[in-house]
Structure formats: C-alpha cells, structure tokens
Amino acid sequence: MKKIDGGVTAAKGFLAAGGAAGIKKEGKKDMALVYCEVPCVAAGTFTTNVVKAAPVKWDQEIVYHHPNAQAIVCNSGIANACTGAKGYGYCRETAKTAAEALGIPEDSVLVASTGVIGQQLPMDRIANGVKMLSKELSSGREAALVAARAIMTTDTEPKEVAVEAEIGGKTVTIGGMCKGSGMIHPNMCTMLSFVTTDVCITKELLQEALSEVVPDTYNMISVDGDTSTNDTVLLLASGLAGNPKITEKNEDYRTFVDALFEVNKAQAMHIAGDGEGATALFEVTICGAENKAQAVTLAKSVVTSSLTKAAIFGHDANWGRILCAMGYSGASFDPDKVDLYFESAGGKIQIIADGVAVNYSEEEATRILSEPKVTAVADIHMGEESATAWGCDLTYEYVKINADYRS
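Under our numbering, residues 1 to 407 are what the sequence shown spells out, in order.
No lab work stands behind these hints: they were computed from the structure. The structure displayed is predicted, hence computed values, not measured ones. Glycine included, C-beta positions come from ideal geometry on N, C-alpha and C. Warning: the hint list may mix true and false statements.
Claimed, not checked - Restraint-style ranges between C-beta atoms, simulated for each label pair: (1) Q60 - E363: 48 to 56 Å; (2) A403 - E157: 21 to 29 Å; (3) T279 - E384: 32 to 40 Å; (4) T156 - K348: 23 to 31 Å.
As the list claims (entries may be wrong) - No farther apart than 30 Å at their CA atoms in a straight line, the calculated lysine-lysine pairs in the BS3-like style are these: (5) K135 - K86; (6) K96 - K29; (7) K265 - K348; (8) K29 - K292; (9) K57 - K3; (10) K52 - K131; (11) K52 - K24; (12) K348 - K373; (13) K249 - K348; (14) K2 - K25; (15) K245 - K265; (16) K52 - K3; (17) K292 - K348; (18) K25 - K400; (19) K400 - K265; (20) K265 - K29; (21) K245 - K52; (22) K373 - K2; (23) K348 - K24; (24) K292 - K249; (25) K52 - K28; (26) K57 - K25; (27) K131 - K25; (28) K265 - K3; (29) K131 - K57; (30) K28 - K292.
Turn these sequences into a full structure, and let the hints guide you.
Shown next, in the form of structure tokens:
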C-alpha cells in the first residue's frame, strides 16, 4: 500500500465538481457533486444523535435499502437539520434534479448538507447548482480539490487523501474528501466524509469493511464534545479496478480493510488537527490496558478534557489534568501504576512514573509541547491492549468562532 496524491476522483470511474451556488455569502464555493460513470455498491455510517438531519435519513434509506448509488450532492452553509417533512422533501427534490441532469435513477443519488441548523434550503439555488456542477464534472486532480473546498464550513483547509494497494494482482485505489472542524465528538461529528474506491466487492462486505474501521478512526476524534445532527460517512465502490470480486473475508478483504483504515485514519486526524481555532493536534494513546474497551474509554476521556486541552494550548505539562480525566472516565485502573510520557517532533519526556511526578525539566516539556502535533502516552500496566484518540487544543479562537457562527 502506498499513499498517492489524490482525492475523491483518484479511483477509476469517479468525477467531481465544486462551485458557488449562492447558498453562502460573497460567492464562496458551497456545493459539490461526486459522480461515478457506473452504478456503485454503497456503504455508510451515520450520526448517533437522536436528532438526525434530513439528508442522514435520506442516505440511510438509499444505503440500506437500495442496491446501488451513483452520485453524491453536497451543500455547505445550511445543514437541512430540524427542518421537518419539508426538509426531507428537499432531499428528494435535490436527488430528482441530479438524476435528471445525470441520467441516473433518483434512488441512486445521495445527498449531504452541513452548516447552520434550522434553516430551509434555498431550492432554486440548489437546483441551479446541481445543473451547473453536472456540466463541470471532471476526473482531474483539480476537480477533486475544488470539490473538497466546496464542502468546507469553518475548516481552514481542504481535507483529501488517496492510497493504492494491490489486490488480486490489480492496483486498487481508495480516495476521498471530508470536512469537519467544529461540533466534533466521538461517534462521529459535524463531519462529512466521502470515500470512493474502484475495488470490486459485494455490498455486504463493503459495509462490513467500513463498519470495521470507523470505531478506531472517526469515532476516536473529538474537538468540542458536541455530537452533530449531520454526521455521515459514505463509501462508494465502482468495481472498475478489475480485481477478482471480494465475496468473503479472505486475504484480499484484509488488504482492502487495511487500506481503508489508513484512508479514514488520515482523514480523522486531519479533522482533529483542524479543530476550530486549534493550534495543535493532540493525540492520546493508552497502552498496557486489560482490554480494548478500557483503553478506548480512557483515551476518549483524556482527549475530551477541556482542562487538558487548555493545558496543551498553553504548552503546559499539567499532568494532573490527564490523570484526573482518566480517573473520572468510568474505567477501572490503578493510578499508582501509571506511567505518562509526552512526545512530539521535539522529543520525548517521561512526566510521571507509578502515578508520581519524576524529576523532569519543565523547559524541555514546554519545548516538546510547543510542536503542532503533541502526543500523550499513558501506560497503565494491566495488559496488552491499546487505543489512540485524537483531538486538539482549546484556544481563545474557538470561542470567537462559535460565539457568532450563525450571525
């Protein structure tokens, strides 16, 4: 497997376009279209919030109850959440417009929205945007980048990734784009992720593969503790790579899952590192755990601790906040056996041993914590399991962004 330069158009058969439909102010790009030249099998995972946006409900119907999908229409600026029957009807209208423009079935069009909750979509602009983008579809690298920019809200940069792997003697490509910066919390986030691949695989195993990698990628990130109404991960497979069709969990399946994991891990880390107002990606690894669930619980508790996140912003080795967050996580462990380390590109330093501070240099710790990616590693000495979670520091800028996000 190797990483390549690419995004949502990297895999065979996929085209994309992005542009300004007038949903946002000042002519900013606010709509994207992803299309495949052939019908795809599709998989998806969605928000766990009881309040689900209309596009989530629409996509769940398509992914779970229809054999194929062939296009994704995404708008940014308005979430189409808490919009009632009218909002769901607008999903149908969007799909119908795309189906007519692309010459495909209405029930093969997926839709997604991100932005302000409670507003209705301006359907005249959405319809015009779909028609415009359908004429601009391209398989080129630039088209993928423009599409990735068009789905951004408070993101500071587009988020793309692509990898190649050999399966059944054929080169298989997985690419994708995502957005996410705020309202990010484990169990996914205000996060939209669109992943495309040319692997030939059954719909059932595609869903199993996605469901296998999400718990250790998107479900292990947090920016602010808020779980969104719109979280959606969509995975489309065109089958154009020409590999022998994956119909069972054999070596080819494992290779695909490993590559899919790397794609989604990269995207999850990108989202966490681009958290609203963030200056650093904060990674937390719990090792020496008795079981996976224990490690996951502890890692999530630390990465979501506001006090710990504030300390990371201040480059302060305030280890007591980490131990405290582990203590209220609900997971059982012996605090008198915990070893804690901080590490980054600037080096590695041990902060506590057996639950007590060691004689470390505050200056060296500050230097290590001043890097754009910082990792806290806690060894609890109970077993062989581990888990890693990703978040970001908590800054003054986060409050500024969210104090007037709607206005």
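* To do: Starting from K28, check that the Cα of K292 is at most 30 Å away, please.
  => violated, 44 Å
* **Pair hint outcome, K2 versus K25 [Cα-Cα no greater than 30 Å]** => Distance of about 39 Å is beyond 30 Å: violated.
* Would you check the hint for K52 and K28, treating anything up to 30 Å between C-alpha atoms as holding? => Holds, at roughly 26 Å.
* **Restraint check for K52 with K24, where alpha carbons must lie at most 30 Å apart** => Holds, at roughly 23 Å.
* **Pairwise hint evaluation, K29 against K96, where the allowed Cα distance is 30 Å at most** => holds, 22 Å
* Please work out if K131 and K25 have their alpha carbons no farther apart than 30 Å. => Measuring from Cα to Cα gives roughly 20 Å; hence the hint holds.
* Asked: Does the structure keep K131 and K57 at a Cα separation of 30 Å or less?
  -> Within the cut-off at roughly 24 Å; holds.
* For the pair supplied as a hint, K348 and K24, is the alpha-carbon distance within the 30 Å limit? -> Violated: K348 and K24 sit about 44 Å apart, past 30 Å.
* CA of K249 to CA of K348, is that 30 Å or under? -> violated, 39 Å
* Asked: Would you say the C-beta atoms of A403 and E157 sit inside 21 to 29 Å of each other?
  -> holds, 22 Å
* Taken at face value, is the distance from the CA of K348 to the CA of K265 at most 30 Å? -> Measuring from Cα to Cα gives roughly 23 Å; hence the hint holds.
* Hint consistency between K52 and K131 [alpha-carbon to alpha-carbon, up to 30 Å] -> Distance ~27 Å between K52 and K131 Cα, so the pair holds.
Checked against the numbered hints above, the structure violates hints 8, 9, 13, 14, 16, 21, 23, 30; every other hint is satisfied.
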